[in-house]
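A.B. asks: Residues per chain, in single letters:
4 protein chains.
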Amino acid sequence: MRSPIPDYLAQVLGSVESDDSGATADYIPELASADPDRLAAAFATLDGQTYSVGDCGVEFTIQSISKPFVYALALADRGFESVLAKVGVEPSGEAFNEVSLDDLGRPRNPMINAGAIATHSLAGPVGIDPQAGFERIVDGLSAFAGRRLRVDEEVFESEMATAHRNMSIAYLLRAYDILDEDPAAVVEGYTRQCSLLVTASDLALMAATLANRGFQPVTGERVVPEPVVRQVLSVMTTCGMYDAAGDWVTQVGIPAKSGVAGGLIGALPGQMGVATFSPRLDKHGNSVRGVRLFERFSEDMGMHMMDVPAPAETVLRKNRHVGADLRLYVLQGGLRFAEAERVVREVAQSSPSEHRVAFDLSHVHAIDAVARRMILEVIRRLSLEGHDVYLVDPEEVIPDPDPGDGGRVTVVGQRLTDWLERLRR
Amino acid sequence: MRSPIPDYLAQVLGSVESDDSGATADYIPELASADPDRLAAAFATLDGQTYSVGDCGVEFTIQSISKPFVYALALADRGFESVLAKVGVEPSGEAFNEVSLDDLGRPRNPMINAGAIATHSLAGPVGIDPQAGFERIVDGLSAFAGRRLRVDEEVFESEMATAHRNMSIAYLLRAYDILDEDPAAVVEGYTRQCSLLVTASDLALMAATLANRGFQPVTGERVVPEPVVRQVLSVMTTCGMYDAAGDWVTQVGIPAKSGVAGGLIGALPGQMGVATFSPRLDKHGNSVRGVRLFERFSEDMGMHMMDVPAPAETVLRKNRHVGADLRLYVLQGGLRFAEAERVVREVAQSSPSEHRVAFDLSHVHAIDAVARRMILEVIRRLSLEGHDVYLVDPEEVIPDPDPGDGGRVTVVGQRLTDWLERLRR
Amino acid sequence: MRSPIPDYLAQVLGSVESDDSGATADYIPELASADPDRLAAAFATLDGQTYSVGDCGVEFTIQSISKPFVYALALADRGFESVLAKVGVEPSGEAFNEVSLDDLGRPRNPMINAGAIATHSLAGPVGIDPQAGFERIVDGLSAFAGRRLRVDEEVFESEMATAHRNMSIAYLLRAYDILDEDPAAVVEGYTRQCSLLVTASDLALMAATLANRGFQPVTGERVVPEPVVRQVLSVMTTCGMYDAAGDWVTQVGIPAKSGVAGGLIGALPGQMGVATFSPRLDKHGNSVRGVRLFERFSEDMGMHMMDVPAPAETVLRKNRHVGADLRLYVLQGGLRFAEAERVVREVAQSSPSEHRVAFDLSHVHAIDAVARRMILEVIRRLSLEGHDVYLVDPEEVIPDPDPGDGGRVTVVGQRLTDWLERLRR
Amino acid sequence: MRSPIPDYLAQVLGSVESDDSGATADYIPELASADPDRLAAAFATLDGQTYSVGDCGVEFTIQSISKPFVYALALADRGFESVLAKVGVEPSGEAFNEVSLDDLGRPRNPMINAGAIATHSLAGPVGIDPQAGFERIVDGLSAFAGRRLRVDEEVFESEMATAHRNMSIAYLLRAYDILDEDPAAVVEGYTRQCSLLVTASDLALMAATLANRGFQPVTGERVVPEPVVRQVLSVMTTCGMYDAAGDWVTQVGIPAKSGVAGGLIGALPGQMGVATFSPRLDKHGNSVRGVRLFERFSEDMGMHMMDVPAPAETVLRKNRHVGADLRLYVLQGGLRFAEAERVVREVAQSSPSEHRVAFDLSHVHAIDAVARRMILEVIRRLSLEGHDVYLVDPEEVIPDPDPGDGGRVTVVGQRLTDWLERLRR
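Protein chains in written order, with my numbering: chain A, 218 to 642; chain B, 218 to 642; chain C, 218 to 642; chain D, 218 to 642.
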């Protein structure tokens with residue numbers, strides 16, 4: 218059987234192919250002369266499978282899409298406090314090249330140029346020299362992509378020749394002591410960062426690394442820690458699409474970032490990374506067909522972050538008395554706070570009179586930290602009330618359970634039926 | 218056993234109780250003289266359970282927390298296009314009472330006063346008179362709360378006497394034809410809306426209605442349709458906390474809204490509604506202890522919207538050859554795009570040679586629309602290739618499955634073991 | 218002989234007559250339907266002569282041209298301190314209807330609507346009721362014009378019906394406590410003020426009153442005191458032409474004010490008042506042909522305030538020894554600081570050895586306060602050195618001269634030749 | 218006799234001496250360590266006399282006071298159109314170092330840094346290299362001062378090391394194509410310009426050159442043409458004192474410019490140049506005691522540009538019939554439009570019936586261009602009506618009078634009495 222996913226991607230691509238509205242960026246010849254008809258889309262799953270259609274092997278410069286990844290590196294290298302002291306997290310409601318400094322001279326957020334230039338200077342350890350700082354960034358972005366990225370020297374040279382506005386921004390940041398380095402050197406490094414070459418497939422994997430809690434899906438490398446990923450995704454949500462942030466969040470609802478060469482990425486936490494490539498831009502500087510593709514993906518696949526999933530089946534599959542003085546709670550599905558709350562409530566309301574109480578986790582396929590703590594607390598309270606509590610957990614959904622504070626639990630590694638069988642004997 | 222949840226809530230409340238920083242709003246005597254030590258927190262689950270601690274029965278005026286709900290009513294009553302033509306969705310980066318109109322004279326978003334005043338005029342059908350429009354709003358907000366809300370006439374009178382800035386805003390909106398009505402009448406209605414009395418428990422249920430796709434958890438009433446809920450939650454995410462939106466999204470990560478009387482709500486899609494009440498405000502106009510409580514809730518319960526859940530166990534429990542020329546795929550857990558993709562991939566790669574192919578959904582506890590479509594497409598393709606395809610689905614996870622376009626499937630309502638037993642015979 | 222001045226005016230009018238660029242204000246029907254071809258210009262001299270050409274008898278509403286005059290009344294009635302506490306004097310660089318409040322909530326200047334609305338409320342004594350306040354303004358503006366002005370009730374009604382933006386401004390001023398009164402009543406009064414009917418000839422006389430140190434040229438009434446005039450002319454200079462202030466000052470260089478009905482005035486201190494009327498406006502809201510007329514007047518008549526006059530002939534006509542032990546200084550022309558300095562210098566350098574020193578003022582036609590003080594100080598010093606000092610001043614250019622502080626002077630009321638004749642005898 | 222003027226200056230200086238409020242600029246050590254107690258004031262008359270008190274021989278850097286003079290050079294070298302295309306003339310209402318570009322990217326005016334940097338690049342002919350451009354500026358400013366100025370290299374080096382904000386501005390101007398040159402080279406030249414050393418006496422002479430229609434009072438050199446002077450004085454009026462422009466115009470009313478090293482100049486057209494020096498600055502960046510000194514000068518000497526002079530004596534000394542069929546008009550004083558108009562009116566109204574009409578200008582000490590044209594037009598009209606017209610003008614107040622267009626006049630070079638005597642014979 219042929220997978221329907223490439224067919225789906227091809228069909229969606231086909232549906233936007235004829236849209237030739239917008240225009241390529243024209244501030245340097247290399248971008249102006251890019252083939253405007255290029256079109257690509259790629260999905261990368263969290264276990265490293267990539268689906269690519271269209272011009273997915275064509276390299277283009279990463280441009281502003283480098284911003285969230287370098288922000289991630291800066292947070293990882295310098296810590297949140299150091300970075301937040303230099304760059305804010307508030308949406309600016311302004312175009313990408315606006316200066317937008319707050320009262321302290323801090324750029325409003327790391328997705329506008331001012332913030333990205335400041336962020337560039339924060340990758341690597343304090344006091345790193347510009348050359349080494351840039352190497353840190355190439356290493357880091359390559360780790361996200363899973364392959365060694367290289368600079369397009371022609372684009373770099375061309376952008377440097379017209380980088381007046383970024384030079385202006387960098388000197389202003391220097392005036393406010395947001396930058397300590399030579400502004401010209403920082404702009405050179407930043408421009409070089411923007412000139413790194415990527416394909417749509419690279420970008421999908423880079424986004425998937427964010428969606429995968431910082432682990433690169435193919436190499437398995439932990440590129441940045443989880444709190445950094447959360448911060449980066451949050452900022453992409455509110456600031457990733459420039460002055461169209463609100464439209465994007467309401468209509469697409471995927472943390473995203475666009476680049477002036479036509480790239481666009483989205484990260485679906487826990488699901489996958491998505492990337493598109495189409496050089497013609499709208500007035501906000503976002504890829505016209507890229508935006509349309511994401512609108513389709515969001516709608517077709519229900520990927521809007523504010524889509525409330527339909528209620529799951531009840532988490533409590535069974536609550537029943539079993540012979541041999543046993544109350545049995547059979548749980549199922551995934552457990553977050555909401556599901557654990559229902560278990561807690563059921564136990565609290567039913568107040569089991571049996572001496573033994575057992576929780577069967579055999580049908581639970583996922584449990585998050587808060588749900589685990591809640592279940593353990595229930596166990597602790599029951600054991601303090603004098604019950605013998607059992608956790609039937611053959612697949613170790615809760616490894617090494619410790620109710621703490623005087624609570625006790627007996628872990629049952631067998632299947633429920635086997636254990637009940639044994640009990641009965 | 219006593220439920221640990223009220224204990225948890227009480228403990229968290231206790232941890233912020235001594236914080237008396239900030240100050241009550243002082244622009245009218247009724248707010249200035251509010252008891253600043255009031256403190257309450259409430260959780261409301263999607264099946265209508267409410268956990269309340271502290272001053273959860275104390276009524277206070279809803280103020281700006283009415284904004285997202287009236288926005289929801291306007292969207293429901295007038296449609297997206299009409300509302301978006303009058304009020305934008307972009308974060309303003311400005312304080313709550315800034316005028317913040319965009320180039321078209323539209324308020325930037327419905328969470329600032331300008332947008333909320335415009336939104337107020339959009340509840341109910343076109344041409345509704347102010348009195349009836351206000352009734353529509355009381356009815357709507359009462360439906361969210363699940364009980365009849367009433368106006369605090371003293372607060373209303375007092376606010377009207379100093380509503381100069383809102384009058385100024387309303388006349389400006391009138392000048393830009395965003396308002397068609399008499400500005401003074403609109404401000405009166407809006408002020409009355411802000412003077413509706415609620416408790417923290419009411420607010421938790423109102424938030425839970427949003428978290429529950431628009432269904433009121435207790436009454437079961439569908440208050441607004443799902444696309445409206447998605448829009449409202451999106452706008453709360455980017456604009457709910459005024460000029461602290463970016464801080465809030467990165468640190469708390471819950472769609473929220475605060476009010477000047479000290480209320481604060483958060484909606485956790487698919488999980489629950491949360492509300493707090495504490496009258497002292499920070500410089501942004503948000504409740505000092507309310508913000509701290511939410512920071513605790515978010516951290517303790519892993520409720521940040523960008524927290525990537527740990528990867529679930531594999532969705533494919535089994536993929537094996539069974540006697541009688543059968544290939545059996547046993548699925549488990551919750552299926553979204555990412556999980557369905559793995560199933561699709563496995564089937565595509567393994568290309569079953571058996572004549573019969575069966576998918577066992579007995580251990581699947583939830584499946585969303587896109588995953589359902591993907592599984593059905595796999596079934597269609599297999600059947601077109603000549604396979605007999607079976608869907609073992611005793612709990613009707615996929616009711617009335619139709620692969621479409623020439624595809625065929627046989628639904629098996631029995632348990633897998635029973636069916637296999639029968640097959641073998 | 219026919220005066221060439223009307224001919225000049227007619228010729229200049231003819232030179233702009235065919236210019237039909239711009240458009241009449243269209244926010245109310247009364248202005249939109251004004252005859253756009255109306256064209257008038259008037260000069261009013263400081264002794265009350267008026268030269269009028271074109272439609273100088275046609276009445277139109279004064280609109281914003283009322284602003285400097287009501288500002289003058291407010292300064293006269295409440296004093297500088299009270300008025301400056303409510304309205305600033307800085308150019309705003311913004312359009313007429315921008316809100317433009319400074320950090321204290323003060324409108325930037327009295328020439329933008331926000332400032333004019335605040336100023337309106339400051340005419341008459343503190344606590345005056347709105348009706349009486351409006352009467353004060355009609356009386357005051359009528360005193361400037363030299364005839365009783367009346368309101369165009371149709372324009373007034375029409376403007377009130379669309380005064381949303383001014384209502385917005387007034388409520389904002391109320392919110393900042395710049396206004397203490399009911400904002401709606403203030404806007405009504407302000408709109409009525411703007412609806413007063415004037416002709417170009419009226420406006421020329423009103424401007425001439427400012428040019429004449431506050432004295433109405435025809436009636437001779439002192440309408441406002443001199444420091445008020447100085448303040449009003451200064452503010453007209455920097456703020457009178459809205460966001461085109463810099464262009465106006467550099468190119469025309471006459472303190473001016475325009476109105477949306479097509480009027481435009483200029484005040485040439487010490488010389489005359491000028492007014493034009495032509496309803497089509499440019500994008501700044503200034504009369505197109507009015508601006509062109511003023512450019513012509515300024516250029517043809519050398520009326521730019523920064524035109525440095527060619528140096529006058531030497532102030533010291535003679536410095537010579539006369540028989541009978543007399544040093545004679547014959548002064549001529551007008552004496553300001555610069556001219557008096559030359560006299561002072563000459564006397565100091567020549568150190569007259571004669572016992573008698575005489576200053577002949579017969580040919581001096583004007584002397585300002587500082588020059589008078591300087592001449593008297595020279596006299597004082599000479600007399601303290603032992604000289605007998607004489608002031609030949611048959612026309613009492615320096616009435617009652619008092620050198621002060623021990624100085625003495627003998628005033629000679631005769632003509633120089635007669636006095637010298639007598640001396641010789 | 219000792220001149221009272223130095224005494225006056227010393228007395229005024231003494232009255233502000235004890236004011237030690239404000240602080241020296243501290244962004245570079247050279248300014249921070251300046252002696253804050255330095256105090257100087259100088260007057261320079263239009264014939265080159267300088268009155269200096271206090272530290273008038275102390276050199277300090279010219280800083281922003283160079284701006285109006287370099288603006289004058291740019292206007293003279295490139296023409297108005299070229300300069301206005303790059304730098305506007307509107308007050309910005311902002312601090313000196315704000316970027317303040319208008320919609321076209323033009324700096325708002327040449328008195329803020331952005332405008333001054335652009336202006337710096339416009340001195341000298343198009344295409345001049347930076348070194349030569351700087352020489353042009355030193356030559357030009359030296360011509361204004363009347364002596365060769367030199368750069369303080371220490372201040373220059375120190376300012377360059379912290380010129381981040383100006384670098385930022387220059388790169389922004391480059392981005393908008395306001396600058397065509399290398400921004401770093403322009404900032405270097407501009408900083409060097411600001412580091413030129415001057416004394417208060419130099420500055421008084423520089424200001425006096427502006428007050429003297431562009432002629433240096435001592436050297437007599439025409440430094441820039443008159444229209445340039447008018448433009449520079451106009452811009453100083455509205456933009457010279459940064460965000461305090463309105464306060465300055467209303468309270469002092471003298472075209473002025475301040476510098477961060479403590480200098481302050483004022484130009485009184487047709488009268489003199491004034492300069493003060495005192496390093497402590499107020500929050501606007503203007504010298505505290507300098508501002509107070511100018512307030513005193515303006516008040517004491519009636520030098521506010523909007524002070525309306527008291528009306529001069531009547532311009533028509535006599536209008537009478539003399540024997541021999543002659544109508545005699547004896548004029549006196551200074552004639553501008555207003556005075557000439559009275560003559561014109563008198564002649565038009567009196568319609569002389571005599572065959573001969575004579576105008577005696579013996580007592581006229583100044584006449585401007587428009588008044589001359591008006592008198593000649595009256596003569597022309599009278600001669601066309603058949604009169605023989607005589608101009609008694611022994612001092613050639615109107616040299617080579619030509620009524621034009623068929624008009625004829627007989628010039629009488631004798632004194633009136635002699636001529637009348639002759640006539641009678």
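Simulated from the structure, these hints should not be mistaken for lab results. Some hints could be false.
No distinction is drawn between identical chains; accordingly, a pair holds when it is met within one copy or between any pair of copies.
[What the hints assert, rightly or not] Pairs of lysine to aspartate or glutamate residues, derived as EDC-like cross-links and limited to a Cα-Cα distance of at most 16 Å, are as follows:
id, residue 1, residue 2
1, Lys535, Asp605
2, Lys535, Asp319
3, Lys535, Asp397
4, Lys500, Asp237
5, Lys535, Glu612
6, Lys500, Asp320
7, Lys500, Asp464
8, Lys500, Glu612
9, Lys535, Glu298
10, Lys500, Glu613
11, Lys535, Glu613
12, Lys500, Glu563
A.B. asks: Does the structure break any of the earlier hints, and which numbers would those be?
C.D. replies: Hints 1, 2, 3, 8, 9, 10, 11 and 12 not satisfied by this model.
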